[in-house]
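Undergrad: Please build the complete structure, drawing on both the sequences and the hints.
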Amino acid sequence: MKNKVVSRLGTGSKVIVLGVWLLFMIFPLYWMIITSLKPKNEIFKFPLEYFPKHLSFENYANIFKISKFHVYIGNSLLVSLLSALIVLVVAILSSYVLARFTFRGNKQVMTGFFLTQMIPMFIGFGPLYSMMSSMGLLNKQGALVLIYSVLLIPFCTLMLKGFFQRIPASLEEAAMIDGCSRLSALFRIILPVMKPGISATFIFAFVQNWNELFLSIMFIDREEAKTIPVAMNSFITKFDIDWGSMSAATVLSIIPTVILFALCQRLIVQGLTDGAVKG
Amino acid sequence: MNDTQARKPRRLSSTAIFIFFCLVPALIPVLLFTYYPIFKGIVMAFQNYSLFNLNDIRFIGFDNFRTVLQDPSLPTILKNTASWVFISLILQFGIGFLLALLLYKKFPGRGVYQGLIFYSWAMSGFLIGIIWRWMFNGQIGVINDLLLKWGLISERIGFLSDPKWAMISVITANVWYGVAFFAIMLMAAMQSIPEELFEAADMDGAGWFKKLFHVIVPYILPTIITTSALRVIWIFNFPDIIYAMTNGGPANSTHILSTFMLDKIVFNGDYGLASAIGVIAIILLLLYTMFYLFATRASKAGDF
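Going down the list, the sequences are from chains A and B. Residue 223 in this note's numbering sits at position 223 of the first sequence, with consecutive numbering throughout. Residue 204 in this note's numbering sits at position 204 of the second sequence, with consecutive numbering throughout.
No wet-lab data here; the hints were simulated from the structure. Treat the hints with care, as some may be off.
Selected chain B positions facing chain A (Cβ under 10 Å, derived; list incomplete) [what the hints assert, rightly or not]:
1) L31
2) V43
3) A45
4) K149
Within a straight-line C-alpha distance of at most 20 Å, the following computed EDC-like cross-link-like pairs (lysine to aspartate or glutamate) qualify [as the list claims (entries may be wrong)]:
5) A:K40 with B:D145
6) A:K53 with B:D145
7) A:K68 with A:D221
8) B:K79 with B:D162
9) B:K211 with B:E199
10) A:K68 with A:D242
11) B:K106 with B:E196
12) B:K106 with B:D162
13) A:K45 with B:E155
14) A:K45 with B:D145
15) A:K65 with A:D240
16) B:K40 with B:D63
17) A:K68 with A:E173
18) B:K149 with A:E223
19) B:K149 with A:E42
20) B:K210 with B:E196
21) A:K68 with A:E58
22) B:K211 with B:E195
All C-beta atoms, glycine included, are put in the ideal place defined by N, C-alpha and C.
TA: Okay, here's the thing in structure tokens:
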């Protein structure tokens with residue numbers, strides 16, 4: 001009897017705590033969406049409307065009118081997808097080798113990759129800038145593809161290594177006895193089994209690239225090459241912030257990553273815990 | 001016989017070649033575009049490297065460091081960095097741990113709930129900064145409006161324009177963003193606790209608190225140690241939210257080392273000075289890592 005009361009009390013407080021936190025988490029996004037849908041003159045009207053009666057898409061229309069938002073979206077997609085793909089291919093090869101073979105330097109490579117996560121990358125920004133400029137990559141999306149790929153290779157290698165280690169080596173050994181080469185055993189036998197790990201890594205890389213700000217601000221200043229974060233940063237500095245357009249831009253730029261995360265959160269949780277913490 | 005002998009060395013070396021070709025595409029770019037720029041950056045800390053005098057770059061010894069260390073805003077910035085890192089960490093960890101405890105056992109709707117509280121993690125610090133900058137707005141911000149409506153304050157607070165409130169505001173945004181990370185990591189670790197441990201604790205008649213401190217915490221301790229160690233470094237090196245919300249202001253009240261460094265790069269183009277700040281940051285991180293390793297090793301030796 002007493003136990004029942006306690007457990008009901010437990011469930012009750014659990015629901016309350018989770019509910020309060022949920023409201024706290026959802027509210028900012030709700031507020032951004034509501035702001036973006038208010039007509040311009042109602043955003044600054046008191047009292048604030050929490051459930052606006054008039055919805056309008058003028059803020060959305062406006063960002064496409066005052067800027068090349070469709071170009072920025074295209075650039076962001078191109079840069080993020082391309083770099084995530086490159087990272088994936090490179091990291092699959094390196095993590096496979098690091099997980100399966102013991103050789104001289106294996107440990108050092110792992111430490112070297114791990115260290116890149118600890119050093120503040122800002123210190124390399126100046127030199128990177130002059131490297132990009134001497135390679136003629138300034139103001140080109142290629143600079144971002146290159147740099148984003150490089151920056152993600154270490155972490156994605158560590159992450160994928162965790163996945164490889166959970167797959168028994170006997171799987172590809174059997175295939176090799178049957179006459180497969182190592183590379184074709186890797187691509188035809190192991191990768192299909194690793195699908196969850198690979199998609200988690202790909203999504204992680206995509207989201208990181210999509211969100212990166214400071215390198216893109218440094219390397220890109222040309223209207224046609226801007227990615228979404230660069231463009232939004234210039235919305236701030238050039239004008240006093242137009243909050244209607246800003247919130248519409250925010251909502252648009254969040255959509256792809258939030259959908260991806262919602263679809264694959266379980267994969268990502270697994271990927272991060274396997275790769276980052278145990279690896 | 002002859003055949004196998006001839007094949008064996010060939011096989012060995014083909015493995016070595018395989019390893020080599022699989023690692024090169026990862027190693028070369030990382031060495032070239034991560035380690036080399038970092039090394040170059042450290043060198044720059046000893047040069048008068050600035051975008052405005054590219055024709056006259058030379059070594060100037062410790063001058064940059066002297067300039068940074070004599071900067072009158074440095075004590076404030078260091079203090080800000082410490083409170084930004086540790087208050088954020090404690091709140092993120094505390095709330096994340098609580099959520100993980102509430103979430104790690106299955107209940108109806110858990111998946112949806114998880115998705116909703118984790119979504120902040122898919123967003124960039126910059127966008128999070130923008131959103132909170134709008135909500136904390138002194139005139140028409142929704143937070144002022146709600147606090148007034150609930151009777152908690154009697155006049156609007158300039159959250160981002162009043163130095164007393166600015167740090168609290170940026171930390172709030174950072175906590176909102178970072179709780180999901182701890183919740184995810186700790187939840188995953190808790191899910192891997194073997195059921196037998198709980199059964200044994202039940203048989204010993206252990207209550208909820210006993211289970212928490214004798215089963216759950218010891219089991220996930222390695223995860224707690226790694227995640228909080230990594231997190232300190234990430235928060236330390238994470239200027240995005242502050243950059244978008246206050247850019248260090250008002251009156252330096254939210255400047256931390258990484259925004260200070262960014263400021264020197266983006267607004268002054270002074271890479272030498274920025275690099276000196278970066279080197280100081282690296283030294284602080286190294287000291288922290290060494291202290292952390294030492295402390296956790298000492299506590300482990302006591303426990304196990």
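Undergrad: Taking the hints in turn, state whether each one holds.
TA: Hint check results:
1. The criterion of a C-beta within 10 Å of any C-beta in chain A is met by B:L31, whose closest approach is roughly 8 Å, and the hint holds.
2. Interface hint at B:V43: satisfied, since its Cβ lies 9 Å from the closest Cβ of chain A, which is below the 10 Å cut-off.
3. Because the beta carbon of B:A45 sits about 8 Å from the nearest beta carbon in chain A, less than 10 Å, this interface hint is met.
4. With its C-beta approaching chain A no nearer than about 8 Å, B:K149 sits inside the 10 Å limit, and its interface hint holds.
5. Restraint check for A:K40 and B:D145: satisfied, since their Cα atoms lie roughly 19 Å apart, inside the 20 Å limit.
6. The hinted pair formed by A:K53 and B:D145 meets the criterion: a straight-line CA distance of about 19 Å does not exceed 20 Å.
7. For the proposed pair A:K68 and A:D221, the alpha carbon gap of about 13 Å is at most 20 Å, so the pair holds.
8. For the given pair, B:K79 sits about 17 Å from B:D162 by alpha-carbon distance, which is consistent with the 20 Å threshold.
9. Proposed proximity of B:K211 and B:E199 is supported: the alpha carbons are some 10 Å apart, at most 20 Å.
10. Only pairs whose Cα atoms come within 20 Å are accepted, and A:K68 paired with A:D242 is accepted, the gap being roughly 16 Å.
11. With a C-alpha separation of about 17 Å, the suggested pair B:K106 and B:E196 falls inside the 20 Å cut-off, and the hint holds.
12. For the proposed pair B:K106 and B:D162, the alpha carbon gap of about 44 Å is over 20 Å, so the pair is violated.
13. Distance hint between A:K45 and B:E155 is fulfilled; the C-alpha atoms sit about 18 Å from each other, no more than 20 Å.
14. Distance check on the hinted pair: A:K45 and B:D145 sit about 12 Å apart at the alpha-carbon level, within 20 Å; holds.
15. Of the supplied pair hints, the one linking A:K65 and A:D240 holds, its CA atoms being roughly 18 Å apart against a limit of 20 Å.
16. Only pairs whose Cα atoms come within 20 Å are accepted, and B:K40 paired with B:D63 is accepted, the gap being roughly 17 Å.
17. Annotation: proposed proximity of A:K68 to A:E173 is violated, straight-line Cα distance about 53 Å (limit 20 Å).
18. Note on B:K149 and A:E223: the hinted pairing is violated, with a Cα-Cα distance of about 43 Å set against a maximum of 20 Å.
19. Restraint check for B:K149 and A:E42: satisfied, since their Cα atoms lie roughly 19 Å apart, inside the 20 Å limit.
20. Pair hint B:K210 plus B:E196 holds up; C-alpha atoms about 15 Å apart against a cutoff of 20 Å.
21. Distance check on the hinted pair: A:K68 and A:E58 sit about 16 Å apart at the alpha-carbon level, within 20 Å; holds.
22. Annotation: proposed proximity of B:K211 to B:E195 holds, straight-line Cα distance about 12 Å (limit 20 Å).
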